[in-house]
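Asker: Read off the chains here:
Number of protein chains: 2
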Amino acid sequence: MKPFENLTVLDFTQFTSGPMCTSIMGDLGAEVIKIENPPYGDNNRYNPPSKNKNTCYISSLDHNKRSVLLNLKDERQKEIFFKMVETADVVVENFKAGTMEKFGCGYEKLKEINPQIVFASISGFGQTGPWKSRAAYDVVVQAVSGLMSVTGEKGGRPLRFGVSMADVTSGLMACVATLAALYDAKRTGVGRYIDLGMMDNVFALLEQPVTSYGITGIAAKPNGNRHPSAVPFAAFSCKRRVQVVICAFTDHDFAALCKILGYPEISDNPKFLTRNLRFKHEDECYDILCDLVKDWDAQELIEELNAKGIVCAKVNKVSEVYNMEQVAVRNMIVDAKWPDGTKVKIPGQPIKLSDMEEVAEYPVSPLGYDTIEVLSRYEETQIIHEIFDPILKESAELAAVRSEHLN
Amino acid sequence: MKPFENLTVLDFTQFTSGPMCTSIMGDLGAEVIKIENPPYGDNNRYNPPSKNKNTCYISSLDHNKRSVLLNLKDERQKEIFFKMVETADVVVENFKAGTMEKFGCGYEKLKEINPQIVFASISGFGQTGPWKSRAAYDVVVQAVSGLMSVTGEKGGRPLRFGVSMADVTSGLMACVATLAALYDAKRTGVGRYIDLGMMDNVFALLEQPVTSYGITGIAAKPNGNRHPSAVPFAAFSCKRRVQVVICAFTDHDFAALCKILGYPEISDNPKFLTRNLRFKHEDECYDILCDLVKDWDAQELIEELNAKGIVCAKVNKVSEVYNMEQVAVRNMIVDAKWPDGTKVKIPGQPIKLSDMEEVAEYPVSPLGYDTIEVLSRYEETQIIHEIFDPILKESAELAAVRSEHLN
Chain A
1 MKPFENLTVL DFTQFTSGPM CTSIMGDLGA EVIKIENPPY GDNNRYNPPS KNKNTCYISS
61 LDHNKRSVLL NLKDERQKEI FFKMVETADV VVENFKAGTM EKFGCGYEKL KEINPQIVFA
121 SISGFGQTGP WKSRAAYDVV VQAVSGLMSV TGEKGGRPLR FGVSMADVTS GLMACVATLA
181 ALYDAKRTGV GRYIDLGMMD NVFALLEQPV TSYGITGIAA KPNGNRHPSA VPFAAFSCKR
241 RVQVVICAFT DHDFAALCKI LGYPEISDNP KFLTRNLRFK HEDECYDILC DLVKDWDAQE
301 LIEELNAKGI VCAKVNKVSE VYNMEQVAVR NMIVDAKWPD GTKVKIPGQP IKLSDMEEVA
361 EYPVSPLGYD TIEVLSRYEE TQIIHEIFDP ILKESAELAA VRSEHLN
Chain B
1 MKPFENLTVL DFTQFTSGPM CTSIMGDLGA EVIKIENPPY GDNNRYNPPS KNKNTCYISS
61 LDHNKRSVLL NLKDERQKEI FFKMVETADV VVENFKAGTM EKFGCGYEKL KEINPQIVFA
121 SISGFGQTGP WKSRAAYDVV VQAVSGLMSV TGEKGGRPLR FGVSMADVTS GLMACVATLA
181 ALYDAKRTGV GRYIDLGMMD NVFALLEQPV TSYGITGIAA KPNGNRHPSA VPFAAFSCKR
241 RVQVVICAFT DHDFAALCKI LGYPEISDNP KFLTRNLRFK HEDECYDILC DLVKDWDAQE
301 LIEELNAKGI VCAKVNKVSE VYNMEQVAVR NMIVDAKWPD GTKVKIPGQP IKLSDMEEVA
361 EYPVSPLGYD TIEVLSRYEE TQIIHEIFDP ILKESAELAA VRSEHLN
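Chains A and B are the protein sequences, given in the same order. Take the first sequence: its letter number 2 is residue 2 in our numbering, and every next letter is one higher. Take the second sequence: its letter number 208 is residue 208 in our numbering, and every next letter is one higher.
Take these hints with a grain of salt, some might be off.
Repeated chains share a single entry, so a pair holds when one copy, or any two copies, can fit it.
To be verified - Below, a list of computed lysine to any residue pairs in the SDA-like style, where the Cα atoms sit at most 20 Å apart:
1) LYS109 - GLU357
2) LYS337 - ILE215
3) LYS221 - PRO48
4) LYS96 - THR250
5) LYS345 - ILE215
6) LYS132 - GLU304
7) LYS280 - PRO49
8) LYS186 - GLN116
9) LYS280 - TYR46
10) LYS102 - ILE218
11) LYS271 - CYS285
12) LYS109 - THR87
13) LYS343 - ASP268
14) LYS317 - PRO228
15) LYS2 - VAL190
16) LYS186 - SER319
17) LYS109 - SER354
18) LYS154 - GLY224
19) LYS73 - ASN43
20) LYS294 - GLU265
21) LYS109 - THR99
22) LYS314 - ALA219
23) LYS109 - GLU325
FYI, nobody ran anything at the bench for these hints, they're computed from the structure.
Make a model of the complete structure from these sequences and hints.
Answerer: See the structure below:
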């Protein structure tokens, strides 16, 4: 049984951060109603790559959600939304700060309708302070927060993480905040407003570089693939440039590593006797090891290291991860299934709970697909048809044109 | 009021992933009892940097927690732990798979004592599958999951993220899972077991490269600071190599950017007329822009771009983020306060809830600091003293020796 059966989430999110938050709730059984603005809805419905016009982003971030077209600027539609709020548990949005208030649908208004409602806002820099109105994409938050400044080659320029980490971690943190408020709301009968700033979140997750700076006054810099203090603890290049991560920073593991590499005497070198000494002579230690490792076949080296209990791993491409038995056993690749039968492979849900069955298919709704069915719960079906049939028709036509470039 | 007042968490976590999970619960009001193995406790108590022997890692990951020394291998101490389980809500651990069972303290045993208990295990690769017994550090998970393979300079080797993202995101996901199970447990009276694998989690958060590969069969590679499809959307080097992120990928913003840079005619170049065309001639477009941007003063450029609403930002060092007014207004730097009066600056809690006051100081406990006080709730104080006084004395002596290298 899924933990969030009976939970209803009204989801105004788009792009990545917000959808990540609500997709977890959907996977865990909540009914997530993705409310999209007509005629186009979430921009991610038009971003390649795609399969039969069904896009990658929507498949991976908006599965297990219903899609409803609804325009908060229209008074009749807004009244229907207010009826939805009466029985909903959670509202999540990631508009620019102040947008929901501009629609007359801010937290103050919604809690009058339902005092238990939990309302989460995700924004670039939070709802207060001099930067509150600034727009932010993932890379902007990576840049401003200091995240980029600690990533990159030693001596090189700062680099962005190759995954939208500011977005996805902010979605996760918003999910934590929402569940905390929800736990409390069920006990006290009173909901909460959540003001989640992506910048706050990423700065907090930096953690070690921030606290370390507070103590030492030294700002961390890009450090390639090396650990800031443990030696050796880095990625090494083997034969054919295959990269292997080796973590042999204890004296015992270092000695075992040198033995495997065929030069046990290296660990007797007075410069490398302890972890602190190896750190002091870091460059020299890495120069020697890199030279020894470079002609090894990666797979052979990994087997030798594993046999001695030295923590190591190959640096995998996504294509290699796809084929790992461990990934299959853990059910970490599933299908997002669209109503037209299209299946898109997406990452599975990493939350594994006892008494909850693993599923291999997650449904995905096209734009507006559930409008009539869902909204008919809140208003007479005839009225819903009257209001939404023309909207759905126009939306379908315009979205088709805007999707022309998609495969 | 904090949402988790009345919530008790028994916390067997160490290093980074687990402590990140329980520190959020502590910040939000839970009583988190960090149970450490005598005599040394969490290894992070001995890792530099530190201030008056109080370490950076413990300050930032283990604030708002009590510290109790307790050895599960000792039957009398284990009995006390079982009494703690009777009234606790949550247990979190990040030992190697199977360790809690070996102590006779696995989920099956604990749920006999308290059927509502929620028990979360965080491990490198999860509790099932051929990799379940493998040890994993953050960088190993970054390597195996494919995360490193998409980060780095274009044409260069894969790079690790400069922050322990596999650890911190797994802590966050474990927190989501725990709160989901807790929400359900309060409703049904039945707890859950959570099997959170760091590898599963990071693979799921990769998201776009995973889904994209499923559609295109092309594995993403390091791409420097450029967005995979929007142009221009990257970091640029200004005067004195100061880096600025500029996101001007819409036709309107691209034209405005070219005008600011003094060459409006660039946006009329037939090769750069649309987003798709710019992506097709990506290298040429970036070559021209990099050349134009490199002699600009970063601050002046940012002001011009902001005035035209073009999304941009300076790539900050941690030292610069420390001094931002936005960070101060958002209360994102707070003090971890140790009983000896030492204050260590740490990132604040990014979860901002209505009706919850911001605090500027988070208490931190030294090793074993709360042992007598906390355990006396579960057993006669005299017996607690009898068992734990010698343990505390020995621990203090040995830990002092092991801390000798710390400032």
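Asker: Enumerate the violated hints, using their earlier numbering and listing them in ascending order.
Answerer: Hints 1, 10, 13, 16, 23 contradicted; others consistent.
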